[in-house]
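Using the sequences and the hints, build the whole thing.
There are 2 protein chains.
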Amino acid sequence: MATPQLDAFQVIADPSRRKIVSLLSEEVLTINSLTEHFEMSRPAVSKHIKILEQAGFVKIENQGRERYCHLHSVGFEAIKDWIGYYDDFWKEKINKLQKLIETNESE
Amino acid sequence: MATPQLDAFQVIADPSRRKIVSLLSEEVLTINSLTEHFEMSRPAVSKHIKILEQAGFVKIENQGRERYCHLHSVGFEAIKDWIGYYDDFWKEKINKLQKLIETNESE
DNA sequence: TTTTTATGTAACTCAAAAGTTACACTAACT
DNA sequence: AGTTAGTGTAACTTTTGAGTTACATAAAAA
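Heads up: the sequence lines are chains A and B, in that order. Per UniProt numbering, residue 1 is the first one in the first sequence, and the count goes up by one each step. Per UniProt numbering, residue 1 is the first one in the second sequence, and the count goes up by one each step.
Please note that a few of the clues may not be correct.
Because identical chains share one entry, a pair is satisfied inside a single copy or across any pair of copies.
[Unchecked claim] Capping the alpha-carbon separation at 30 Å, the derived lysine-lysine pairs in BS3-like fashion look like this: (1) Lys47 / Lys99; (2) Lys59 / Lys47; (3) Lys50 / Lys99; (4) Lys91 / Lys50; (5) Lys80 / Lys91; (6) Lys80 / Lys19; (7) Lys80 / Lys93; (8) Lys50 / Lys93; (9) Lys80 / Lys99; (10) Lys96 / Lys19; (11) Lys47 / Lys80; (12) Lys47 / Lys19; (13) Lys19 / Lys93; (14) Lys47 / Lys93; (15) Lys80 / Lys96; (16) Lys50 / Lys19; (17) Lys80 / Lys59; (18) Lys59 / Lys93.
Quick caveat, the hints were computed from the structure, so don't treat them as lab data.
Rendered as structure tokens:
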């Protein structure tokens, strides 16, 4: 998965998918073992995994009939860049405010 | 807006809302002036703004019959925390790998 | 005071997406 | 070889949500 084929924001909007990602941050899991953590059916989990893979959040390693899922960093990058931009926005805003205060103090 | 009433991830998943947020990072805009940047109708923009407000991404300042929209930081925090967690995850992973390499080199 | 202008909201339509069940396939076990 | 286990996918249902139009309201302008 070099280039994600799906919008990272839309993919991660789903609470079930965020839970999957959270579980995979603690341990590598197969589709079946993931399903045990949910109310929903296995095909539903399977679909979520496929979506997460296409968005670059998950990588799959096939071992025989089992598919081991673990986190992949690519998907997180778009989100990180996005939040980074707005983080800068707020920092700059605080900075401007600070300068304004300093200017007024020196008058 | 102390506590966001909507899931920040679901709110920001919509490309139109991300575009609104992007526009508001450059200038304060009213609902009508925002609408000029889109193909969609004004009520659609109005709805998006309401959702963004409820999620803490936008603050609204009423001036007469106009509503000036500007960014609010609260909504960004959930996303920032989330990405921060996984950022740590990757850093730790690299760290472990580095230590593993060092251990093997000294053998 | 009549008419614009800026907006919110209700009611509706339509499409996307999340879930289900049923089925197929292949690997592993007996 | 037959059976069980792990998984993918197609077809379907149902819900959600983004968009629309039509209408209501209040502020500003004429």
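Hints and how they fare:
no., hint, result
1, Lys47 / Lys99, "neither (51 Å within a copy, 36 Å between copies)"
2, Lys59 / Lys47, "within (14 Å within a copy, 37 Å between copies)"
3, Lys50 / Lys99, "neither (49 Å within a copy, 33 Å between copies)"
4, Lys91 / Lys50, "between (37 Å within a copy, 25 Å between copies)"
5, Lys80 / Lys91, "both (16 Å within a copy, 14 Å between copies)"
6, Lys80 / Lys19, "both (18 Å within a copy, 17 Å between copies)"
7, Lys80 / Lys93, "both (20 Å within a copy, 17 Å between copies)"
8, Lys50 / Lys93, "between (40 Å within a copy, 24 Å between copies)"
9, Lys80 / Lys99, "both (28 Å within a copy, 26 Å between copies)"
10, Lys96 / Lys19, "between (39 Å within a copy, 24 Å between copies)"
11, Lys47 / Lys80, "both (25 Å within a copy, 27 Å between copies)"
12, Lys47 / Lys19, "both (14 Å within a copy, 28 Å between copies)"
13, Lys19 / Lys93, "between (34 Å within a copy, 20 Å between copies)"
14, Lys47 / Lys93, "between (42 Å within a copy, 27 Å between copies)"
15, Lys80 / Lys96, "both (24 Å within a copy, 22 Å between copies)"
16, Lys50 / Lys19, "both (15 Å within a copy, 27 Å between copies)"
17, Lys80 / Lys59, "both (19 Å within a copy, 23 Å between copies)"
18, Lys59 / Lys93, "between (38 Å within a copy, 15 Å between copies)"
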